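Residue numbers (my numbering), protein chains in the order written: chain A, 1 to 195; chain B, 196 to 647; chain C, 648 to 895.
For the record, the hints were derived by calculation from the structure and aren't laboratory data. In this text the structure is predicted, and so the values were computed from the model without any measurement. For every residue, glycine included, the Cβ atom is placed at its ideal position computed from N, Cα and C. Check each hint, because a few of them may be wrong.
[As the list claims (entries may be wrong)] Below 27 Å or equal to it, Euclidean Cα-Cα: the simulated DSSO-like pairs (lysine-lysine) are:
1) A:81 to A:153
2) C:845 to B:230
3) B:206 to B:643
4) B:635 to C:875
5) B:205 to C:664
6) C:664 to B:643
[Unchecked claim] Some residues of chain B that are not near chain A, with every Cβ distance over 12 Å (derived):
7) 247
8) 309
9) 440
10) 463
11) 484
12) 538
13) 539
14) 638
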Amino acid sequence: MSTSNDIIGKCRKNIRQRLPRPCLSDIDATVYTDPLEEFIIQATAAGCRIVKDRKKEDLDSIIKECYPDAKVIASALPEVKSATVNPDNIKKAQDLNGTDVGVIEGKFGVAENGAIWFPQEVKERAVDFISENIVALIDEDEIVSNMHQAYQKVTFNDYGYGVFIAGPSKTADIAQVLVMGAQAARSMTIVLLKS
Amino acid sequence: MSTSHSKLAKKFLENQQYADWHDSTFWGLRVKRDKMAAAVPEWEQLREKASQIKRHTLTNLDIYLQKFADAAEKNGVEVHWAKDAEEFNEIVYGILKDNNAKKMVKSKSMLTEECDMNPYLEARGIEVVETDLGERILQLAHQRPSHIVVPATHLTHDDVGELFEKELNTKKGDHDPTYLTYEARLSLRDEFLTADAGMTGANFGIAETGDIVVCTNEGNADMSTSVPDLQIAAIGLEKIIPDYECLAVFVRLLARSATGQPSTTYTSHFRKARPGAKKMHIVIVDNGRSEWLADEDHWETLKCMRCGACMNSCPVYRWSGGYSYSFFIPGPLGINLGMLHDPKKYSGNVSACTLCLGCQNVCPVKINLGEQIYKWRQTLDGLGVANPEKKMICKAMDYVFDNKSVYNTATSCAHIVNNLPSFMVNNGLNPWAYAHKMMKFPKKPFHKDMED
Amino acid sequence: MKVGLFIPCYVDAVFPKVGDACYRLLRHLGVDVTYPQGQTCCGQPMANAGFAKDSATLAKRYDDMFKGFDYVVAPSVSCTAFIRLQYPHILKDANHKCHIADNTLDMVEFLHDVLKVDSRLGKFPHKVSLHNSCHGVRELNLSSPGELMEPRFNKIKDLLQLVDGIEVVMPERADECCGFGGMFSIEELAVSKQMGEKKLARHMATGAEYITGADCSCLMHMAGIAAKQQTKPEIEFRHVIEILAEGL
Numbered sequence: 001m002s003t004s005n006d007i008i009g010k011c012r013k014n015i016r017q018r019l020p021r022p023c024l025s026d027i028d029a030t031v032y033t034d035p036l037e038e039f040i041i042q043a044t045a046a047g048c049r050i051v052k053d054r055k056k057e058d059l060d061s062i063i064k065e066c067y068p069d070a071k072v073i074a075s076a077l078p079e080v081k082s083a084t085v086n087p088d089n090i091k092k093a094q095d096l097n098g099t100d101v102g103v104i105e106g107k108f109g110v111a112e113n114g115a116i117w118f119p120q121e122v123k124e125r126a127v128d129f130i131s132e133n134i135v136a137l138i139d140e141d142e143i144v145s146n147m148h149q150a151y152q153k154v155t156f157n158d159y160g161y162g163v164f165i166a167g168p169s170k171t172a173d174i175a176q177v178l179v180m181g182a183q184a185a186r187s188m189t190i191v192l193l194k195s
Numbered sequence: 196m197s198t199s200h201s202k203l204a205k206k207f208l209e210n211q212q213y214a215d216w217h218d219s220t221f222w223g224l225r226v227k228r229d230k231m232a233a234a235v236p237e238w239e240q241l242r243e244k245a246s247q248i249k250r251h252t253l254t255n256l257d258i259y260l261q262k263f264a265d266a267a268e269k270n271g272v273e274v275h276w277a278k279d280a281e282e283f284n285e286i287v288y289g290i291l292k293d294n295n296a297k298k299m300v301k302s303k304s305m306l307t308e309e310c311d312m313n314p315y316l317e318a319r320g321i322e323v324v325e326t327d328l329g330e331r332i333l334q335l336a337h338q339r340p341s342h343i344v345v346p347a348t349h350l351t352h353d354d355v356g357e358l359f360e361k362e363l364n365t366k367k368g369d370h371d372p373t374y375l376t377y378e379a380r381l382s383l384r385d386e387f388l389t390a391d392a393g394m395t396g397a398n399f400g401i402a403e404t405g406d407i408v409v410c411t412n413e414g415n416a417d418m419s420t421s422v423p424d425l426q427i428a429a430i431g432l433e434k435i436i437p438d439y440e441c442l443a444v445f446v447r448l449l450a451r452s453a454t455g456q457p458s459t460t461y462t463s464h465f466r467k468a469r470p471g472a473k474k475m476h477i478v479i480v481d482n483g484r485s486e487w488l489a490d491e492d493h494w495e496t497l498k499c500m501r502c503g504a505c506m507n508s509c510p511v512y513r514w515s516g517g518y519s520y521s522f523f524i525p526g527p528l529g530i531n532l533g534m535l536h537d538p539k540k541y542s543g544n545v546s547a548c549t550l551c552l553g554c555q556n557v558c559p560v561k562i563n564l565g566e567q568i569y570k571w572r573q574t575l576d577g578l579g580v581a582n583p584e585k586k587m588i589c590k591a592m593d594y595v596f597d598n599k600s601v602y603n604t605a606t607s608c609a610h611i612v613n614n615l616p617s618f619m620v621n622n623g624l625n626p627w628a629y630a631h632k633m634m635k636f637p638k639k640p641f642h643k644d645m646e647d
Numbered sequence: 648m649k650v651g652l653f654i655p656c657y658v659d660a661v662f663p664k665v666g667d668a669c670y671r672l673l674r675h676l677g678v679d680v681t682y683p684q685g686q687t688c689c690g691q692p693m694a695n696a697g698f699a700k701d702s703a704t705l706a707k708r709y710d711d712m713f714k715g716f717d718y719v720v721a722p723s724v725s726c727t728a729f730i731r732l733q734y735p736h737i738l739k740d741a742n743h744k745c746h747i748a749d750n751t752l753d754m755v756e757f758l759h760d761v762l763k764v765d766s767r768l769g770k771f772p773h774k775v776s777l778h779n780s781c782h783g784v785r786e787l788n789l790s791s792p793g794e795l796m797e798p799r800f801n802k803i804k805d806l807l808q809l810v811d812g813i814e815v816v817m818p819e820r821a822d823e824c825c826g827f828g829g830m831f832s833i834e835e836l837a838v839s840k841q842m843g844e845k846k847l848a849r850h851m852a853t854g855a856e857y858i859t860g861a862d863c864s865c866l867m868h869m870a871g872i873a874a875k876q877q878t879k880p881e882i883e884f885r886h887v888i889e890i891l892a893e894g895l
């Protein structure tokens, strides 16, 4: 088998000239005067339902209101009293299959695309994807305008995984018809927490 | 005077209703891309920065590859190096065998297509399940992708409906895309739950942190890697970029260019194996790429981030379909990549370009795709694959144009053609007559007028 | 200012009226224009087909013929673009100093950017669908390509507005190729025909009586298809310079 030296050496030999790294700090990135407003527009366009002006204490009633038939609710958040499964202490990821609602908390949102940053914080991150529906919490003050700001703000912990999620799983692979709920969550409700 | 592409394109166009649908479907993606790009005032600046970052990274690739591998190893990831497709397949098989994995779910990876990985693994008893819906459809239909981002879009919902009736036991006659997608979801869910390994490709590798970044809409890369115990990522060495500051530029361009979305639904960043899972593996693949760095005319093709915008924008692609190209990647990108991989084998695609150059303007990393096709054409004669008739025509033109008196006689006599009976002009021997009525030549060419 | 008029081979043979219109218009505008005899082809057809090396003698001939002029102007965007962008490479490979590539302009560029014509021209009381030729759009910047997110402009349209009575309309997908592509139209017969038919149909859908543009080859392609299909209503083709010179 080849080694790093073989392949890196080949690259070194074939590089014809070294070009400098461009300056990126001068990008005139769009900044919104009201990032929250744009975030709501984009997240809605990405297929999310938005619940505004709420507190963490309201979570159980929001879940009931949005997903009245949900039986299996997975969350590691202490405020979710109605949780039936905790993704932090189940044995294996497969055990999360059949989850009706996964409740997860994001760190911040991005206005330009309606995405939310979720670093892994529980043992089985599958909860973010395997659940039929996702309820995502986000502090309404924690919205940045664009991905440049977002990547300055991302943090990782020892789990070594993070994901931006913009709405429910979707596909247009059959005849370019947009369908929500391909392999991961079929719906996503964003709860904007008032500080 | 036909090429491999032109022959298949002609066949493609026999079904005009289907061709119209194909054109408008892919033009639709171009329109969505235009709308998204127009909504970003700094769009052209982003494209320029993206191009410069790629030019910088590629011309310092030795340094960044080392940095990437070091960072990944520090994260506890095992890094493998494959010089070609064969080594890649052997490495992947080796990892699966060592971990006693019999079934692998995988998200979409053009690199594994390039290396023909699935048949290799299947021949050795590994069950490979594609989990991107488009790729899954193709796997069940035993077809190859016709596009790099929307690989099964050449199939209609009826095609997929009939396939699923047979393969997934769906309701007879129900070809509703929502229903079919749901049935595929149920079937794939079982695969995720029972797989021993999960594989992804990589949209980006981050040198500074050793992260693999994967963008999907379906969430299948995450399902593939958050449930099974073993994770493998396959990455072409040109996909390495320096850091997150650079990543922001690409992530802003990628989905907007590809499907006209502001971002993909999932942008996933993999740094380590899951707690309790087996060791994570990254396989870095060369397969010719390091050689291309030395090619003055064509190295910039390595900037590509596989968004597919050049295909959607290319009228020749839209009117001939992915399967008219002999290389597994079609369109302007595929013409160029095919020539880089094996110019003799794939020269039949070089005709599939009017040199309209639209592809270069939609390319988010500003690859000069059309100009490169022009340059490839100049090499065909040297490779011994130039069309002899075309060569003869060019030599004849050269003779006429180089000789003033011959040219003057020819242009002055051209009007004689007007008086020939139509069957002698508008026939199968005159290729111009295939689409056109022969033009009327005036009695006097312009230069005669000026002389008089 | 001495200006040389280059009339490419197929314009010379098939569209002498276009050459005539160029000459008349330039004279009307007071330009010291000369048409040197002995012109043939710029070499583009061979180069685009993959035989750029064979174009070297033609490039030398062109360069020698026109090197004394301040500008060379031509009514053909793809020939102009080829001369401007490829001659420096072709002549370098042939060890011939290249004099005139940068000063070779399409007629539209010359009128719009050098002469900056803003006086009223003739009269053409017709509805005209404007054909943007690829090399005009993407190599000579005669108009802003629809793919680029830049301020919109169209120099051909600007010039046509100087003609009385004209109504200029754009087809849908204004910057999409008509499928001519030189040797492409011979080598990729089916796709070339398909693209030409679709482009023609979009021009026709505007309800225009004429299709105009800055490149005779695109017009020749679409006109040949229109004639073969016997499209109704009949639509006519005019090079943009013919319209600008109408009645002068």
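Verification of the hints:
1. For the given pair, residue 81 (chain A) sits about 30 Å from residue 153 (chain A) by alpha-carbon distance, which is inconsistent with the 27 Å threshold.
2. At most 27 Å may separate the alpha-carbon atoms for a hinted pair to count; residue 845 (chain C) and residue 230 (chain B) meet this at roughly 23 Å.
3. Our distance criterion of 27 Å between C-alpha atoms is broken by residue 206 (chain B) and residue 643 (chain B), whose separation comes to about 44 Å.
4. Under the criterion of a C-alpha separation no larger than 27 Å, the hint pairing residue 635 (chain B) with residue 875 (chain C) is consistent with the structure, at around 13 Å.
5. With a CA separation close to 36 Å, the supplied pair residue 205 (chain B) and residue 664 (chain C) exceeds the 27 Å bound.
6. Among the hinted pairs, residue 664 (chain C) with residue 643 (chain B) is consistent with the structure: their alpha-carbon atoms are about 12 Å apart, no more than 27 Å.
7. For residue 247 (chain B), the shortest C-beta to C-beta distance to chain A comes to about 4 Å, within the 12 Å cut-off, and the non-interface label is violated.
8. With a least beta-carbon separation of about 16 Å from chain A, residue 309 (chain B) lies farther than 12 Å from that chain, consistent with its non-interface assignment.
9. Listed as outside the interface, residue 440 (chain B) is inconsistent with that label: its C-beta sits roughly 6 Å from the nearest C-beta of chain A, within the 12 Å cut-off.
10. Non-interface call for residue 463 (chain B) relative to chain A: violated, since the shortest CB-CB distance, roughly 5 Å, does not exceed 12 Å.
11. At the 12 Å boundary, the C-beta of residue 484 (chain B) falls inside the reach of chain A, the nearest C-beta of that chain being 8 Å off.
12. Every CB of chain A is more than 12 Å from the CB of residue 538 (chain B) (nearest about 18 Å), matching its label as outside the interface.
13. Here residue 539 (chain B) stays apart from chain A, with its beta-carbon at least about 22 Å from theirs, past the 12 Å limit.
14. Remark: the non-interface label on residue 638 (chain B) is consistent with the geometry, its nearest Cβ contact in chain A lying 53 Å away (cut-off 12 Å).
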